[in-house]
Amino acid sequence: MPDFTLLPEQASTFAEKMDPLFYVMVLLSLFFIVLVFTLVIFFAVRYRRGSKASRRGASSHNVKLEIVWTAIPLILGLVVFFWSAKLFGYVRTVPEDAVEIFVIGKQWMWHMQHPNGVRENNELHVPAGRPIKLVMISQDVIHDLYVPAFRIHQDVLPGKYTYAWFEATKTGKYRIYCGQYCGTQHSEMTGFVYVMEPAEYQAWLASGGDKTRMTQLTMDEAGQQIYDRLQCGSCHGFAPARAPSLIDLYGTKAKLVDGRTVTVDETYIRESIVAPDLKIVEGYQAIMPSYKNQLSEDQLLQLIAFIKSLRSGMQAPIPKKEADSPAGGAR
Amino acid sequence: MSVQTATPGATEQPRTHYLNAGHTIASWLLTTDHKRIAILYMISITIAFFIGGAAAAMIRIELTSPTGVMLEHETYNKMFSMHGIVMIFLFLIPSIPAVLGNFLIPMMIGAKDLAFPRLNLLSWYLYMAGSILAVVAMITGGVDTGWTFYVPYSSVYANSNVVLVICGAFIVGFSSIATGINFIATIHKMRAPGLTWFRLPLFVWAHYATSIIIVLGTPVVAITLALVAVERLFHIGVFDPAQGGDPVLFQHLFWFYSHPAVYIMILPSMGVVSEMITCFSRRKPFGYNFIAFSSLAIAVFGFLVWGHHMFVSGQSVYLGIVFSVLSFVVAVPSAVKTFNWTATMYKGRIWFTAPMLYALGFIGLFTIGGLTGLFLAAMATDVHLHDTYFVIAHFHYIMVGGAIMGYMGGLHFWWPKMTGRMYPESWAKLAAGITFLGYNLTFFPQFIMGLQGMTRRYHYYPEEFQALNVLSSAGASILAVGYIIPLAYFLWSLWYGKKAGPNPWRAAGLEWMTDSPPITYNFEKTPIVTWEAYEYPENEEDDPLPDLDDEDQLLAVGSGEAPKR
Chain A
1 MPDFTLLPEQ
11 ASTFAEKMDP
21 LFYVMVLLSL
31 FFIVLVFTLV
41 IFFAVRYRRG
51 SKASRRGASS
61 HNVKLEIVWT
71 AIPLILGLVV
81 FFWSAKLFGY
91 VRTVPEDAVE
101 IFVIGKQWMW
111 HMQHPNGVRE
121 NNELHVPAGR
131 PIKLVMISQD
141 VIHDLYVPAF
151 RIHQDVLPGK
161 YTYAWFEATK
171 TGKYRIYCGQ
181 YCGTQHSEMT
191 GFVYVMEPAE
201 YQAWLASGGD
211 KTRMTQLTMD
221 EAGQQIYDRL
231 QCGSCHGFAP
241 ARAPSLIDLY
251 GTKAKLVDGR
261 TVTVDETYIR
271 ESIVAPDLKI
281 VEGYQAIMPS
291 YKNQLSEDQL
301 LQLIAFIKSL
311 RSGMQAPIPK
321 KEADSPAGGA
331 R
Chain B
332 MSVQTATPGA
342 TEQPRTHYLN
352 AGHTIASWLL
362 TTDHKRIAIL
372 YMISITIAFF
382 IGGAAAAMIR
392 IELTSPTGVM
402 LEHETYNKMF
412 SMHGIVMIFL
422 FLIPSIPAVL
432 GNFLIPMMIG
442 AKDLAFPRLN
452 LLSWYLYMAG
462 SILAVVAMIT
472 GGVDTGWTFY
482 VPYSSVYANS
492 NVVLVICGAF
502 IVGFSSIATG
512 INFIATIHKM
522 RAPGLTWFRL
532 PLFVWAHYAT
542 SIIIVLGTPV
552 VAITLALVAV
562 ERLFHIGVFD
572 PAQGGDPVLF
582 QHLFWFYSHP
592 AVYIMILPSM
602 GVVSEMITCF
612 SRRKPFGYNF
622 IAFSSLAIAV
632 FGFLVWGHHM
642 FVSGQSVYLG
652 IVFSVLSFVV
662 AVPSAVKTFN
672 WTATMYKGRI
682 WFTAPMLYAL
692 GFIGLFTIGG
702 LTGLFLAAMA
712 TDVHLHDTYF
722 VIAHFHYIMV
732 GGAIMGYMGG
742 LHFWWPKMTG
752 RMYPESWAKL
762 AAGITFLGYN
772 LTFFPQFIMG
782 LQGMTRRYHY
792 YPEEFQALNV
802 LSSAGASILA
812 VGYIIPLAYF
822 LWSLWYGKKA
832 GPNPWRAAGL
842 EWMTDSPPIT
852 YNFEKTPIVT
862 WEAYEYPENE
872 EDDPLPDLDD
882 EDQLLAVGSG
892 EAPKR
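Protein sequence lines, in the order shown, are assigned to chains A and B.
For the first sequence, the working numbering assigns the number 331 to the last residue and increments by one with no breaks.
For the second sequence, the working numbering assigns the number 896 to the last residue and increments by one with no breaks.
Isolated chain A, as found in the complex:
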């Protein structure tokens, strides 16, 4: 095979950064493997029983030598460690401008949802040259999203959002695997990422993606419908409120009654909806009922998307009617 490479096709910015580290590690490993094999074979032949080679001056300890061959692997190891840690920082730090796509794993399929509401199963269409953040959760057991061409692997847990990000560099079709054993049809929980030119992607998105599209609403619009249906605003929408305001809430730090501080991220918001008693914000009572089992993972994601969209200064969608809220526009 003329175009044989050890690693698969390189199709993300992280792949471009990781591959050099990988090849340097291969070279270092080869150096030590060749060194050990050569010495073992050479000594085995030269000092075979009955050979004439001189054994004079054989010693059975040499502290300096021990220090040298302890220190060299340690130093090389630490260099590799620092390089790798830096790249790990890169792959775990999502750029600010990343497009968010939501991923739900379940036995045994991948369910993707784009911000404008377009859904697809086992396929993921993304634009090239733009960072994409995948916000992921599982509906049942632990899964793992693995795209070899992007060199990304991230477990997808039940009950907690995990994330991964990538910036595709090349248009094309790349395999998605489930990387964590998840039961009977684990090996069939696969799919494809389609990396498209940005314009092409926009057109695809505008046309509603594929036929499985269920709703005309964007994620946060669908979330607002749930918000209204469940009357979330009856506590979270008024001031002085019985519950914390949701505006500008996402990304802040909240102080809890027990003195701890939590960052308001997707997982915290989800937990506050399904198990509100666990972490009560300072100054409030534990009065919120749990919405566990009333909302699907899809709906939770939509609700979170809505909460994240609430920013001060925008055309506030809360409260729905100005008249209901004495302090309506004052926030």
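For the record, the hints were derived by calculation from the structure and aren't laboratory data.
All values reported here derive from a predicted model rather than from experimental measurement.
Worth double-checking, as some hints may not be accurate.
[What the hints assert, rightly or not] In silico lysine-lysine, BS3-like type, Cα no more than 27 Å apart, as pairs:
no., chain 1, residue 1, chain 2, residue 2
1, A, K173, A, K106
2, B, K520, B, K856
3, B, K856, B, K830
4, A, K52, B, K760
5, B, K615, B, K760
6, A, K292, A, K255
7, A, K308, A, K255
8, B, K520, B, K443
9, B, K443, B, K830
10, A, K160, A, K253
11, A, K52, B, K678
12, B, K615, A, K64
13, A, K52, B, K615
14, B, K678, A, K64
15, A, K253, A, K308
[What the hints assert, rightly or not] Which chain B residues stay away from chain A? Per the calculated CB distances, all over 10 Å, these:
no., residue
16, N351
17, A460
18, W862
Built from N, CA and C at the ideal position, the CB exists for glycine as well.
Given chain A, work out where chain B should sit, using these hints.
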């Protein structure tokens, strides 16, 4: 000319030794002789090895085609789970400690038995009870969780015999703990007069370090597995997020034991290799202290690296960084050992016997296995390689290439001591060669598959991986031959092998100073040690070695001789 010079005044009479000290079944099943218990263990784990091997054969046959050959998905999943559970819990963990360690540690330190002989027998019964329970559960209903039992799949979703298998593993865990406690107490309290810590064979140091890991680690995995069973049976939320639990907590607890467990498998093998390299290089080990302390360093640092299995599990990035750097640190003592073994051969007088070939094979495969581990300790490369065949290849290089090469080498090395008979040397060399070749052909292609994205535990896979999978399966069939040949000639040697004499290798070490097979309490008289470990003659002229095909020469050394200096 099979006259024994071993027992003064007993010449011409059939000698009594541990094997013929009693012939009834009860004399075996109720024995407290560490040597007999070792033999019981040897038979049991050999059966386990071939059960696990049969499962591996099914896996490799199945993977010759991208859409399977004969198994349903569920059956395939049960096969790889059975392979993992049997090989790890029932074979690799007990292998060297429970067989060679049990047999040799008391003899190497000049003791009559282990400190707690009855506990030793109990450990075998626990092993048997747990193993039979687990194997019966796996054969009748199967378990499809993989040997890692990840939750919430195992605790809520799997429809297989999870609880029974977990009970089996739980019970087997206690046999391990019993063995570990026994070794620690024995090594501390029962060394012969004059046998100071730094005169101990490196095999004993390696088992001391292993025992520490066993005693500290095994209870954690036992409790963790028990919690999975509790969650499964009584729906008490520990790990299942739907019941308020945390699935990642399971992984922390599981790997807290299961990473050190890798060292439970490899450290004893390193001990075996240290014995064989020194004996067949006819000299002291280079850097005795460094080899001994590196075993302890591995035992200590091995407990601090479990999180490197979890870089992509959702654990904190900062935690990942700490685990990663410690994983690079724990690699160093293994490198030190490798360099020291290599240096031991320098200016030695290398005697090519089958055990030495296994030892050299160990060094080669362990070096490859160890270095490829660094690709998984480095977080950035692990993000790509996690749970691929690269991981499978890496840990098989360590466990099969390392641990089993060591075990096989050790069996050959001490076979004359255990049975009083020599195995056929040229067949053994052939088997060692076939194992090494078959081994590399099986697992090297898996590195490349993994790099290209072949995920572990996949029954169906993309067609582009077929060529490498077929190559790997072909290698596995060669490897199988490499394991069946020794089984055949070891059995043959029990009746037809040449009589070995007390010390066919002219090796240093107290175990070689008593008869082969040894008498029930090992030594006629407790030896008093006035020499350092591994004192081999300096010149070839002072070190005549027997022709292994000549029984008279093999028998020419009497037992009870102190090493010549």
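Hint check results:
1. A hinted pair counts as satisfied when its Cα atoms are at most 27 Å apart, and A/K173 with A/K106 qualifies at roughly 23 Å.
2. The hinted pair formed by B/K520 and B/K856 meets the criterion: a straight-line CA distance of about 18 Å does not exceed 27 Å.
3. Simply put, B/K856 and B/K830 have alpha-carbon atoms about 24 Å apart, close enough for the 27 Å limit, and the pair holds.
4. A hinted pair counts as satisfied when its Cα atoms are at most 27 Å apart, and A/K52 with B/K760 qualifies at roughly 25 Å.
5. Between B/K615 and B/K760 the CA atoms are separated by roughly 25 Å; this keeps the pair inside 27 Å, and the hint holds.
6. Using a Cα cut-off of 27 Å, the hinted pair A/K292 and A/K255 holds, with the two alpha carbons roughly 24 Å apart.
7. Pair hint A/K308 plus A/K255 holds up; C-alpha atoms about 19 Å apart against a cutoff of 27 Å.
8. This hinted pair checks out: B/K520 and B/K443 have alpha carbons roughly 12 Å apart, not beyond 27 Å.
9. Using a Cα cut-off of 27 Å, the hinted pair B/K443 and B/K830 holds, with the two alpha carbons roughly 24 Å apart.
10. Between A/K160 and A/K253, the direct Cα distance comes to roughly 18 Å. Compliance with the 27 Å bound is thereby established for this hinted pair.
11. Between A/K52 and B/K678 the CA atoms are separated by roughly 11 Å; this keeps the pair inside 27 Å, and the hint holds.
12. Restraint check for B/K615 and A/K64: satisfied, since their Cα atoms lie roughly 18 Å apart, inside the 27 Å limit.
13. A distance of roughly 20 Å separates the Cα atoms of A/K52 and B/K615; the hinted pair therefore holds under the 27 Å criterion.
14. For a cut-off of 27 Å, the pair hint linking B/K678 to A/K64 stands: about 19 Å separates their Cα positions.
15. A C-alpha spacing of about 14 Å is found between A/K253 and A/K308, which places the hinted pair at or below 27 Å, so the restraint holds.
16. Look at B/N351: its CB is around 35 Å from the nearest CB on chain A, clear of 10 Å, so calling it non-interface holds up.
17. Consistency note on B/A460: stated as away from chain A, and its beta-carbon is indeed over 10 Å from all of that chain's, at 29 Å minimum.
18. Taking the minimum C-beta to C-beta distance to chain A, about 14 Å, the non-interface status of B/W862 holds against the 10 Å cut.
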